[in-house]
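Peer 1: Next come the chains, spelled out residue by residue.
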Amino acid sequence: MQFGLSESQTILRDSAREFFAGECQMARVRRLAETDTAHDAALWSTLAEQGYTGIIFDEEYGGVGLGVVELVLLMEEAGRALLPGPLFSTVALAGAVIDACASPAQKKKYLAPICDGAARATLAMLESSANWDPAGVAMTARGGRLTGEKLFVPDAAVAGSIVVVVRDGVYVVDATATGVRIAPMAGMDLTRKLYAVTFADVPAEKLDHGAGLPRGLQVATAALVAEMVGGMQRTLDITVDYAKTRKQFGKPIGSFQAVQHMCADMYLETESARSAAYYAAWALQVGAPDAAEAVSIAKMYASDAGRAVGNRGIQIHGGMGFTWENDLHLYYRRAKSSETALGDATFHRERIARLVIDAAPD
Amino acid sequence: MDLNLTAEELRFRDELRTWLAAHVPKDWEHQRDESMDAHFTFLKQWQRTLYDGGWAGISWPTAYGGRGASLMQQVIFWQELALAGAPPMANVLGLGLVGPTIIAFGTDAQKTRYLRKILSAEEIWCQGFSEPNAGSDLAGLQTEARLDGDSYIINGQKVWTSYGWAADWCELVVRTDPSAPKHKGLTVLLVDMKTPGVVVRPLKQMTGETEFNEIFFRDVRVPVENVVGKVNQGWDVAIGTLMHERGTFGAGLQITYRRNMDRLIALAREVRRGGRPAAEDPVIRQKLAQCYAEVAIMRANQMRAFSRISASGVPGPEGSIQKIFWSELNQRLQQIAQELLGPYGQLEAGDPRAIDRGAWAYGYLRARGNTIEAGTSEIQRNIIGHFVLGLPRSY
Numbered sequence: 001m002q003f004g005l006s007e008s009q010t011i012l013r014d015s016a017r018e019f020f021a022g023e024c025q026m027a028r029v030r031r032l033a034e035t036d037t038a039h040d041a042a043l044w045s046t047l048a049e050q051g052y053t054g055i056i057f058d059e060e061y062g063g064v065g066l067g068v069v070e071l072v073l074l075m076e077e078a079g080r081a082l083l084p085g086p087l088f089s090t091v092a093l094a095g096a097v098i099d100a101c102a103s104p105a106q107k108k109k110y111l112a113p114i115c116d117g118a119a120r121a122t123l124a125m126l127e128s129s130a131n132w133d134p135a136g137v138a139m140t141a142r143g144g145r146l147t148g149e150k151l152f153v154p155d156a157a158v159a160g161s162i163v164v165v166v167r168d169g170v171y172v173v174d175a176t177a178t179g180v181r182i183a184p185m186a187g188m189d190l191t192r193k194l195y196a197v198t199f200a201d202v203p204a205e206k207l208d209h210g211a212g213l214p215r216g217l218q219v220a221t222a223a224l225v226a227e228m229v230g231g232m233q234r235t236l237d238i239t240v241d242y243a244k245t246r247k248q249f250g251k252p253i254g255s256f257q258a259v260q261h262m263c264a265d266m267y268l269e270t271e272s273a274r275s276a277a278y279y280a281a282w283a284l285q286v287g288a289p290d291a292a293e294a295v296s297i298a299k300m301y302a303s304d305a306g307r308a309v310g311n312r313g314i315q316i317h318g319g320m321g322f323t324w325e326n327d328l329h330l331y332y333r334r335a336k337s338s339e340t341a342l343g344d345a346t347f348h349r350e351r352i353a354r355l356v357i358d359a360a361p362d
Numbered sequence: 001m002d003l004n005l006t007a008e009e010l011r012f013r014d015e016l017r018t019w020l021a022a023h024v025p026k027d028w029e030h031q032r033d034e035s036m037d038a039h040f041t042f043l044k045q046w047q048r049t050l051y052d053g054g055w056a057g058i059s060w061p062t063a064y065g066g067r068g069a070s071l072m073q074q075v076i077f078w079q080e081l082a083l084a085g086a087p088p089m090a091n092v093l094g095l096g097l098v099g100p101t102i103i104a105f106g107t108d109a110q111k112t113r114y115l116r117k118i119l120s121a122e123e124i125w126c127q128g129f130s131e132p133n134a135g136s137d138l139a140g141l142q143t144e145a146r147l148d149g150d151s152y153i154i155n156g157q158k159v160w161t162s163y164g165w166a167a168d169w170c171e172l173v174v175r176t177d178p179s180a181p182k183h184k185g186l187t188v189l190l191v192d193m194k195t196p197g198v199v200v201r202p203l204k205q206m207t208g209e210t211e212f213n214e215i216f217f218r219d220v221r222v223p224v225e226n227v228v229g230k231v232n233q234g235w236d237v238a239i240g241t242l243m244h245e246r247g248t249f250g251a252g253l254q255i256t257y258r259r260n261m262d263r264l265i266a267l268a269r270e271v272r273r274g275g276r277p278a279a280e281d282p283v284i285r286q287k288l289a290q291c292y293a294e295v296a297i298m299r300a301n302q303m304r305a306f307s308r309i310s311a312s313g314v315p316g317p318e319g320s321i322q323k324i325f326w327s328e329l330n331q332r333l334q335q336i337a338q339e340l341l342g343p344y345g346q347l348e349a350g351d352p353r354a355i356d357r358g359a360w361a362y363g364y365l366r367a368r369g370n371t372i373e374a375g376t377s378e379i380q381r382n383i384i385g386h387f388v389l390g391l392p393r394s395y
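Sequence lines, in order, name chains F and Z. Numbered per my numbering, the first sequence spans residues 1 to 362. Numbered per my numbering, the second sequence spans residues 1 to 395.
Hints in this document: simulated from the structure, not taken from any laboratory. Where is the CB? At the ideal position from N, CA and C, for every residue including glycine. Do not rely on the hints blindly, as some may be mistaken.
Some residues of chain Z that are not near chain F, with every Cβ distance over 12 Å (derived) [to be verified]:
#1 His23
#2 Arg285
#3 Glu318
#4 Pro343
#5 His386
#6 Pro392
Mimicking DSS-like on lysine-lysine, the simulated pairs with C-alpha atoms at most 27 Å apart in a straight line are [to be verified]:
#7 Lys117(Z) <-> Lys230(Z)
#8 Lys244(F) <-> Lys117(Z)
#9 Lys117(Z) <-> Lys194(Z)
#10 Lys251(F) <-> Lys184(Z)
#11 Lys230(Z) <-> Lys194(Z)
#12 Lys182(Z) <-> Lys117(Z)
#13 Lys204(Z) <-> Lys184(Z)
#14 Lys117(Z) <-> Lys184(Z)
#15 Lys182(Z) <-> Lys251(F)
Ranges between beta-carbon positions, derived for each pair [as the list claims (entries may be wrong)]:
#16 Arg276(Z) <-> Ser8(F): 40 to 46 Å
#17 Leu10(Z) <-> Thr323(F): 27 to 33 Å
#18 Asp236(Z) <-> Ser15(F): 34 to 40 Å
#19 Asn155(Z) <-> Gly319(F): 52 to 58 Å
#20 Ala177(F) <-> Ala7(Z): 52 to 58 Å
#21 Glu34(F) <-> Glu378(Z): 39 to 45 Å
#22 Gly319(F) <-> Arg393(Z): 22 to 28 Å
#23 Gly275(Z) <-> Asn311(F): 50 to 56 Å
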């Protein structure tokens, strides 16, 4: 039993950290945040060159063939850097769902272009009911064609393919097909743009194994939690640096217990969310019987903890924390969008309740 | 990263499981109704049984009666003990704190003299750290030890000493240099509780029990060979002990919490609320799920910490988050139990209507001590702030 990173996992994490430190500095993040799509073609090519766009996909489709633990380590670093654009939507969301639901031929068609950086993709699931339970999806397919509206679709404007969840399965739509309309939603997260996507009798390809959807969503959720952990860690680091240097009453404010204890709580929450994310990733990777439970536990905890860490970080910064120029609000905005994406804490607590309270007593 | 047991760990676990199935006393819960002395004698016998079976001191050196196994096997041992519903061992502080301290800082002679008897429960240990005027500010302690020939003469008072009433020996922190800065003049001594001048008095706590004691030392003579580590460097030894307390101590605790959680879920199916089982009440469901999840996260946090300790060899200040997590979680868990049980939650042992023989009423009161004992939550947050995050000292 060894719940630490292996040597190769450590190397992957360190090189990802170094990569994002070089390629995704805050100046670039801010510049992209001000664009319509937050997507940067040059940055995307370098992500693909690193193998990051194919990290979890099989080598026969051009991927790197690593596991969920490695995906989680990569996303944690992406979250720390507040990487803008469609890496999460393409790889961890649409990619993981395709990987879990597609036939080998379909994987070749949809995953290979993702691996080599040629294509981007996203997942359209939520409707006006905003229910993350697949059972709550109302849209249907008729004769292989889709009609209806999907909301809160991340990065749809830069996606080549849209994976659409409907009542009878999971479909893939060419985002440029006639009848697809993509309209921006004014989401709080400036680095991950959201869209309303309407389909008017659009041809779609049904993925062969729609039953894989829960697994795909679980991988996506573990990746999202890891990304949130990265954001929490960065918020903590920025805040601790500030508390060491900002002086009031002649002392660094970090020497006051009211401030120091808030920092300690931020640390406890960040570490606990990280433990939960790593455990969920490992459980998914080995197919542990409690994998679904572990994913919900991680998302539940990180959804509340991400917000709490952001709240404290801003409070400790005082007036500076409330300014546009300070970076914290960019992380805080991301934390809110991630809190609700793939189900908030209340949603996942009910999921856990179904798994552990409603299960037949032994 | 691999949370599955290795082949060797699996072999160890299976062998232990088989042994426990054959040796764990049945129906020992009624033992709680016995007198404190009778109960403790029972726990000592149980630890002796474990020792004779070769199951005490899993990660301790074989030369001193241990098994010489890995830290992970020690963790598995605590977990299996909890899973089997086994009684706790009598020598809790000896096994968890004093023994590891002697292993880390003691002389060979001390290891030979003390360790085996800790494992066999032949000698029960307590820990003389806190004083009436030195609680969180432990380094401000005043119990003095004056060198007189080849022994120290001790005068002073300790308080909140768990197992003081049962202890044969005490790991005592004393001031040997009153002129040095407060962290620099301390020394750790091993004191025979039968030495003339040692007086133990019970302290009745809010649960009605007397787990703790006050210990008075009046001209108590302790030979110099009983110093652990170096004279006037006792602070480092004491901190080593406390890190064990915060680091590896709670390995079986998450199993106990998980068992309490399972019991709460079972109760939620029985207890009715607003005309339906509480398990169907959306608010109760949310609260139970939150608590269940936190128990799982406590386990994941511990597993990461144990992996780190087994790689580095020593528990670090990060252990403070384990202490905060388990103590505050237990308070939340007990609060949810009270909420679920309503007016029945307050019924203590002896009332025929008490749920689970008053265990939840007891647990609710006892949990208040969790965020105070073994370093308050506030001190743990100071440790994280200063030693983990590198913030300036707040005091």
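Peer 1: All the hints need checking, so say for each whether the structure fits it.
Peer 2: Verification of the supplied hints:
no.: 1; hint: His23; verdict: holds (24 Å)
no.: 2; hint: Arg285; verdict: violated (4 Å)
no.: 3; hint: Glu318; verdict: violated (8 Å)
no.: 4; hint: Pro343; verdict: holds (23 Å)
no.: 5; hint: His386; verdict: violated (8 Å)
no.: 6; hint: Pro392; verdict: violated (4 Å)
no.: 7; hint: Lys117(Z) <-> Lys230(Z); verdict: holds (23 Å)
no.: 8; hint: Lys244(F) <-> Lys117(Z); verdict: violated (48 Å)
no.: 9; hint: Lys117(Z) <-> Lys194(Z); verdict: holds (16 Å)
no.: 10; hint: Lys251(F) <-> Lys184(Z); verdict: holds (26 Å)
no.: 11; hint: Lys230(Z) <-> Lys194(Z); verdict: holds (24 Å)
no.: 12; hint: Lys182(Z) <-> Lys117(Z); verdict: violated (33 Å)
no.: 13; hint: Lys204(Z) <-> Lys184(Z); verdict: violated (34 Å)
no.: 14; hint: Lys117(Z) <-> Lys184(Z); verdict: violated (31 Å)
no.: 15; hint: Lys182(Z) <-> Lys251(F); verdict: holds (23 Å)
no.: 16; hint: Arg276(Z) <-> Ser8(F): 40 to 46 Å; verdict: violated (52 Å)
no.: 17; hint: Leu10(Z) <-> Thr323(F): 27 to 33 Å; verdict: violated (56 Å)
no.: 18; hint: Asp236(Z) <-> Ser15(F): 34 to 40 Å; verdict: holds (38 Å)
no.: 19; hint: Asn155(Z) <-> Gly319(F): 52 to 58 Å; verdict: holds (55 Å)
no.: 20; hint: Ala177(F) <-> Ala7(Z): 52 to 58 Å; verdict: holds (54 Å)
no.: 21; hint: Glu34(F) <-> Glu378(Z): 39 to 45 Å; verdict: holds (44 Å)
no.: 22; hint: Gly319(F) <-> Arg393(Z): 22 to 28 Å; verdict: holds (26 Å)
no.: 23; hint: Gly275(Z) <-> Asn311(F): 50 to 56 Å; verdict: violated (38 Å)
Checked against the numbered hints given earlier, the structure breaks hints 2, 3, 5, 6, 8, 12, 13, 14, 16, 17 and 23 and satisfies all the rest.
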